[in-house]
Amino acid sequence: METPEGLRAILADPAGAVIGLDFDGTLSPIVPDPDAARIHPRGPALLARLGERIGAVVIVTGRPAAKAVEYGSLAGVPGLVVLGHYGLERWEAGTLTAPPVHPGLARVRAELPPLISGIEGARFEDKERSVAVHTRQAAQPQAALDALRDPVAKLAAEAGLAVEPGKFVLELRPPGVDKGMALSAFLAERAARSVLFAGDDLGDLAAFAAVRASGLPGVTVFSGSAEITVEADIVVDGPDGVMDLLGSIADAIGS
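The sequence shown lines up with residues 337 to 591 when you count with the numbering used here.
I should point out that these hints are in silico values taken from the structure, not numbers from a laboratory.
Computed from a predicted structure; not experimentally measured.
For every residue, glycine included, the Cβ atom is placed at its ideal position computed from N, Cα and C.
Across the chosen pairs, the derived CB separations fall in these ranges:
hint, residue 1, residue 2, range
1, P414, A524, 15 to 25 Å
2, R378, F460, 26 to 36 Å
3, D482, T339, 33 to 43 Å
4, D587, P449, 45 to 55 Å
5, P487, A381, 43 to 53 Å
6, E525, P436, 14 to 24 Å
7, S584, R526, 14 to 24 Å
8, T431, D573, 29 to 39 Å
9, G454, V571, 31 to 41 Å
10, G454, T339, 45 to 55 Å
11, I455, R526, 37 to 47 Å
12, F460, P439, 13 to 23 Å
In silico DSSO-like cross-links for lysine-lysine, where the CA-CA straight-line distance does not exceed 30 Å:
hint, residue 1, residue 2
13, K463, K490
14, K403, K490
15, K403, K463
Please build the complete structure, drawing on both the sequences and the hints.
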């Protein structure tokens, strides 16, 4: 397969490159319990190698930024920036910055657990600045998700929140932020000359679109399953494939 233009640009000018990565399903395998997710064993060392070789490594995730750092053992990665909650939070050099918590979250924290109580296997997750409902553990995950879609959307609208769908998950979060906006702002901040973004779920599509809209030599990497149809420059087999790709980039750049 021919090397995509964006990847050639990264290898030719690593100092101008930004490598952006989702966390769950990209750096970490998807697991039934989100709190049990941990980065691929090769991840911390590979990201540290890249952090020393390219302009910037940024993780853009729906998770709280500090959780991604903890679950990824990432505190020691040189120059790493983590944009959590789709860009609402920023972790950099051990410092976390974020706006106040959206007032509508208090209502959904109170009303969402009773709403999902009748769906066996549905799980409520509190992410501090957003909340989520997971149906991965239900006997029929897709049917459970479909049953919850309308009532969850109604509650979110009443609370002034947006719904971010994913693989067997509905996340309620503040409106006006997404991974594409977060990535675009970061590319401008760093005056990037090339960009790669890797992701695995519906929430990553905005970041893929941001790569295409940036006008930069860019490459999109899809690490998800066939359940989601995505146009991407490179398709890899989950976090194992992401690690192989990142390793090949680090090796090609050299010391």
